[in-house]
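The primary structure of each chain is shown beneath.
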Amino acid sequence: MATVTFSPPFRFSPISSFPSKFRTRTRFIIPPLSSLTPRAALSDPFVLEIAQTLEDSVSTPSPSSLPPPPLQKLRDTSSESILSMSWPTRKDEPFRFIDTSFIKQSRIHPIPIPSPSSDLAGISSDTQFPSLVIVDGHIVPSASQLSGFPDGVYVGSISGISSEAIMEKVLQLVSDFHDGDLFWSLNGIGAPDVTVIFVPAGCQVEKPLHLRFYSREGGEIGSNYMPLSSPRVLVLVEKGGEIGIIEEYSGGDADKCYWANSVIQLALEEEAKIHHSYIQAQTASAAHIKWTFVRQESSSNYELVEISAGGKLSRHNLHVQQVGPDTITELSAFHLSVSDQTQDLHSRLVLDHPRGYSRQLHKSIVAHSSGQAVFDGNIKVNRYAQQTDAGQLTKNLLLEPRATVNVKPNLQIIADDVKCSHGAAISDLEEDQIFYFQARGIDLETTRKALVFAFGSEVVERLPYNSLKKKVQSHVKALLETTSGGAP
Amino acid sequence: MSLLHLPPPSPSRLTSLRNSFSVITLNSLRVSSQRCRFNQSRLTLTPTASLTVDSHSPTTSSGRGSTEEGDSPKVLLEVRDLTAVIAESKAQILKGVNLVIREGEIHAIMGKNGSGKSTFSKVLVGHPDYEVTGGSAIFKGENLLDMDPEERSLFGLFMSFQSPIEIPGVSNMDFLNMAYNARMRKLGRKELGPIEFYEVISRKLDVVNMKIDFLNRNVNEGFSGGERKRNEILQLAVLGADLSVLDEIDSGLDVDALQDVAKAVNGLLTPKNSVLMITHYQRLLDYIRPNYIHIMDDGRIVKTGDISIAKVLEKEGYKAISSA
Ligand SMILES: Nc1ncnc2c1ncn2[C@@H]1O[C@H](COP(=O)(O)OP(=O)(O)O)[C@@H](O)[C@H]1O
Ligand SMILES: [Mg+2]
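Protein chains in written order, with the working numbering: chain A, 1 to 488; chain B, 489 to 812.
Some hints could be false.
[Stated by the list, open to error] Computed from the model, here is a short list of chain B residues facing chain A with C-beta under 7 Å:
#  : residue
1  : Ala579
2  : Val613
3  : Met635
4  : Pro637
5  : Glu638
6  : Leu642
7  : Ile655
8  : Met666
9  : Ala667
10 : Ala670
11 : Leu675
12 : Arg677
[Claimed, not checked] Derived coverage of chain A by chain B (criterion: at least 3 residues anywhere in the stretch with Cβ under 8 Å from a Cβ of chain B; other residues may be distant):
#  : region
13 : 185–195
14 : 449–461
[Unchecked claim] Residues of chain B clear of chain A, computed beta-carbon distances all greater than 12 Å:
#  : residue
15 : Lys610
16 : Asp636
17 : Arg640
18 : Leu645
19 : Met647
20 : Ser648
21 : Glu654
22 : Phe663
23 : Lys807
Worth flagging that the hints you see were computed from the coordinates, not collected in a lab. Bear in mind the structure is a predicted one, so any value in this text is a computation, not a measurement. For every residue, glycine included, the Cβ atom is placed at its ideal position computed from N, Cα and C.
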């Protein structure tokens, strides 16, 4: 077995060497300086052009149907922030390993709301959970099935909120994140709606909510035409509330090209609990960029299980901010690259309060010679986050010559009384395990298939619903079948 | 894989643990099915194999013994002057092992820790940690050393591991199903889907006194020592074997578990198949009575006798034996 182990250089550096992320900001007066474009003082014409196109796509024809205040605020702050941003290049650290130029070279076309008569037959309804269908960024009520939620739970468009109290909370949260990048802001400008999920205090929602994002519009490959959707979701769980969210992305025609630029925000009040399953099964030519921003108050519990296997380019930015003590955060991700594709997870967990507990597991399989997996996992344990217990591990399996993985697990610790561990491994299958199969008469090809599949199972098994687990398992199996199966 | 456990940094100092991005590109990180092994020139013996298979045990046994009205039973395994080294370090472990096992016989190998018993059994099944450097091993008339590990298994040689490893992510049921189907394929018989296989396997569970939920768990993951041993015997019961090499099947077992395992092994014995037990302890020999006991010392079998050797051993230790 070949294992490459990372022993990170332990570098001690003074506080002042930190980038300027810690300074306070005055909201909306000075546009926040994006961390990705320290050099950009001037606006990027290309970015402005997309922003303009997006703005046009959501502008309402009549002043009588003004968007609800939070949506207006989101659009305003996003437009403001974009002025200082430029399209990322490989020179920008967070985008070193991904190539976004094929998006830039396309004609980007925000997808308008589908006409009510349009055919939604392609959207399968194989879910046993209450579901909300979002096609190209627009809620499709006729395809959704939302009955069975307890009283007080709200699931739907921001425009449908009748409670002022909820609207007020949404207003507070909707643009309450300042470490976003260009794609965060572009979503804020172009989101035609915000899907709001509200769970009132003490309410434990038994069945998970299945958010089914579906990309239907697509451009012919090589046509230079790139439809863009900007779905946005805000989940708010009040004190002691509990819900499971399944966030699933899929697309229609396998050979169509599209770009989904999605954002989900999750706010957990005290003792709230969210189990979040994120399944990214976009089609092979898609660009999929997504932000997940989580805000955890004291004693809340957030668990995320991610399975990303689709898209030509898939980038997940995950930011978890602790805003109270005693939080529990469990993050697992399984990335699979079986073709010329990139799976990228950039995660950041910021612990600012005592006794946080966090675990992060990232696993990837790259089964194609020009496939790639990227993991940049930052855990920051700040001064007041004493007695934090944080662990991080990334394990990667390369099945083809020239398959690539770029991993950067990293811990920044300022508090002194903490328990932290991290590690990284790049390996092939374990020789001892292979021998165990062979010793029972099982041939090498069958063995490798079983072990490669088992590698991802560690994460897939964490999905909390059997039906979902089965579906994902067979999807992963089918994708692995399309490769040489790691056969010798 | 490594886990770095970070010592708590001293107060009020910033510890920045940051490893630079590491790019790893796979070039030759592949597992080859075979390491270079000592290749025995092929023997001219060809097996007169007519497959006779009973419907319960899928052993790939050849119709041995049927053609000869025998005085003594047929030789099943013949090991001559077998030497082997550790593949990585080239340290010699086996220094000329000689052993003959006939059909229906039970043999036991005893010996001090580190004398090479496990190495010998792993070399027999073709473990890639070892390289054979000399000698021969003929099993059912064929050169064992020419075969891949999976061929050896399919040919009727089974070894239960002294320390069976965990296979996270692979259920016991799936693993047994794969192994069973490999055997069926070899025999040209119908492979079974999970539901049909469930029928087969649920009957075998009684043999090792295991509950059905044992099958849903991942192979050996979180199993106790005793459960791992039972699992090995379950595999043997499902797959069958002409020769089973049981490496310390008794260690780590309480008396109940030992009885279960011994009963299972005895239940699998027929006049045709044979068992080679490796053990430290007399007590296993009370449950499974060997015809022969061999004492291994420093990579060789230094003494062979009947059960009386074990008695001497128990009284006087290995010193008395090896110096005898
Ligand atoms: N894979 C291996 N790598 C290094 N040393 C080994 C390996 N296998 C066996 N050895 C060494 O070979 C000797 C014999 O070991 P083993 O066959 O396990 O003995 P026994 O089973 O009789 O206790 C011991 O010194 C052991 O440390
Ligand atoms: Mg041993």
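Now the hints, each set against the structure:
no., hint, in the structure
1, Ala579, "violated (19 Å)"
2, Val613, "holds (5 Å)"
3, Met635, "violated (11 Å)"
4, Pro637, "holds (4 Å)"
5, Glu638, "holds (4 Å)"
6, Leu642, "holds (4 Å)"
7, Ile655, "holds (6 Å)"
8, Met666, "holds (5 Å)"
9, Ala667, "holds (4 Å)"
10, Ala670, "holds (4 Å)"
11, Leu675, "violated (11 Å)"
12, Arg677, "violated (14 Å)"
13, 185–195, "violated (count 0)"
14, 449–461, "holds (count 9)"
15, Lys610, "violated (9 Å)"
16, Asp636, "violated (7 Å)"
17, Arg640, "violated (8 Å)"
18, Leu645, "violated (9 Å)"
19, Met647, "violated (6 Å)"
20, Ser648, "violated (10 Å)"
21, Glu654, "violated (8 Å)"
22, Phe663, "violated (8 Å)"
23, Lys807, "holds (35 Å)"
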